[in-house]
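> Here is what each chain is made of, one letter per residue.
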Amino acid sequence: MTFSGVGLGLRRPHIEQVAALAAAPVPFWEIAPENVVGTGGARHRMLTGVLERDDVITHGLSMSIGGFDAWLPEVLDRLVAFLKATGTPWHSEHLCWSSFGGAHTHELLPMPFTREAVRHTVTRVKALQARLPVPFLLENISYYAELGAAEMSEREFVLEVLEGADCGWLLDINNVYVNSVNHGFDPKAWLAGMPLHRVAQLHIAGHTWLEAEGVLLDTHGAPVVDPVANLLAWVLARLGRPVPVLLERDHEIPELAVLLAEREALQRVYDRALAGVAHA
Amino acid sequence: MPEAGTPHLARLQGLVTDLVLAPEADGFREDAAAFSAERGLGPDDQAALVLRRDRWLLYRDLVRTALEDPLLDAFPVTHALLVRQEAWTWAVDAFLASRTVSSPYYRDVAPAFVAWLADSRWGQDRWPFLLQLAHFEVLELDVVRHPDEPPPPGLLREPASDRVAVLDPAARNVAYGFAVQAATVEAPEPPSACAWLLCHRDRDGTFRVLELTPHVSALLARSQEGQALGPAAAELGVDPLAAFELLRDFRDRGALLGFRPA
Ligand SMILES: [Fe+2]
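Which chain is which? The protein sequence lines are A and B, in order.
Quick note: the first sequence uses this note's numbering, first residue 1, plus one each step.
Quick note: the second sequence uses this note's numbering, first residue 1, plus one each step.
It cannot be assumed that every hint is accurate.
The following label-pair restraints were derived from C-beta to C-beta distances [claimed, not checked]:
{"hint": "1", "chain 1": "B", "residue 1": "ASP239", "chain 2": "A", "residue 2": "PRO133", "range": "52 to 60 Å"}
{"hint": "2", "chain 1": "B", "residue 1": "ALA37", "chain 2": "A", "residue 2": "SER153", "range": "23 to 31 Å"}
{"hint": "3", "chain 1": "B", "residue 1": "PRO151", "chain 2": "A", "residue 2": "GLU74", "range": "23 to 31 Å"}
{"hint": "4", "chain 1": "A", "residue 1": "GLU74", "chain 2": "B", "residue 2": "ASP61", "range": "30 to 38 Å"}
{"hint": "5", "chain 1": "A", "residue 1": "ALA275", "chain 2": "B", "residue 2": "ASP26", "range": "40 to 48 Å"}
Think of the hints as simulated: they come from the structure by calculation, not from any bench.
Virtual Cβ for every residue (Gly too), placed ideally from N, Cα, C.
When you get a sec, could you build the whole thing from the sequences and use the hints?
Okay, structure coming up:
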């Protein structure tokens, strides 16, 4: 199975509607194992039916890969079983930390940009990869503040972790864009020289401007804006291969038809960007 | 101050955990440098944190939203009660400060709130029904999402004196000292009356609550302990034929899987 095109996150309000369809309305769905494993009931059975019928890529939310808290054996076992059951081509997590001292924040908190943090994260990624039945990808996050004094830029930090862990990259285009606005850099310059050969999947999403704080927030709660769609096309042209793109929507979730229409518009962006490569 | 030998990375993550969860984040707001110094961080880190103080306070808001959202979803009535008394934020603050959310599963945040209420007794001198109300609200999620299991072998369809009733694994036979099932967002204080409830999901997966008499509740509890329906009914002074009729109805609703020999 090769994954390509623009997929959607399968969201709770849409499960019943999607399950009633004869076939998948998207090339693939993205699903968070944490929201599925260890539960049951009618909606769970519908969801399981969709996951069996359609192509699925998994994306983790809460392993706190840059943290110190140990992964519980039963959590890992459930994750591994789920990855095998869905047939996902890989599994991803954010390059961040979320829990400390056993307290989980359920937020994507940024790592300090230090050599120590690179070493620590690389060790944790390798340990997790050794447990997983599929390749592991790290995703670059949106960050609003540096955690303590930096020894390198965020770009160097992402690069060093990806190279050190020798893992795949889930390149989140919106996160690069959000960071470029909040921290004042050119997103294309940020991407130049990054290991694009490691990119196995792309994320794209909407964001929200917080006027009072003067910060662009990665909310996944709005449609994708043109500059982000344009950056997606630019990245695809540089990649020159049909890497699957996932449209994320986690808040202010609209009707399924609205999301499908947005997906189709992005699919046209995707097809045009790659057609340009083919003719070049 | 962290223990000597604590890695720099752990000191930084510990500081953020304090500032997003602990009430003393006010200290960070007032003097980020001192707050950082107290946590074993040097002048360079202090300066970086001072520079980004407002952004870290934004992270504090983001974490609080992330952990409050599942509570708002799970506890509409508890929220209505506490928000009227201007105590909701106070409850959320105390809950976050307790650091009892440890599960990587987001769905476990709401059950962690109930476990925290039980441990801390928070607010229960003022609202003696608070724990029971929150327990009942989270029970709905527990019942609706309970993992599906294949039915045990040898189930029988009909009740009999020498059989026990087998509850659906998702169903809960619970007793409360307050009529929590009668509380609503409009009238969130439950009446002071005992309630015996059989909470279950129907064939469509919808949460259902059956109000029981104390005797029928006890009969089901004894079945769960393995006592046959005939002797249990006799000890409780329940008419067995009437009880069997009721148990058949529970079975048809999906609250009971069926019956098996005691
Ligand atoms: Fe993403």
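> Kindly confirm whether 30 to 38 Å is satisfied by the beta carbon distance between GLU74(A) and ASP61(B).
Distance hint for GLU74(A), ASP61(B) holds at roughly 32 Å.
> Does the Cβ distance between ASP239(B) and PRO133(A) fall inside 52 to 60 Å?
58 Å, holds
> Honestly, do ALA37(B) and SER153(A) meet the 23 to 31 Å range at C-beta?
26 Å, holds
> State, for the Cβ atoms of PRO151(B) and GLU74(A), whether the hinted interval 23 to 31 Å holds or is violated.
The hint (23 to 31 Å, Cβ to Cβ) holds, given that PRO151(B) and GLU74(A) are roughly 24 Å apart.
> Does the hinted range 40 to 48 Å hold for ALA275(A) and ASP26(B) at CB?
About 57 Å separates the Cβ atoms of ALA275(A) and ASP26(B), which means 40 to 48 Å is violated.
Violated hint: 5 only; the structure is consistent with all others.
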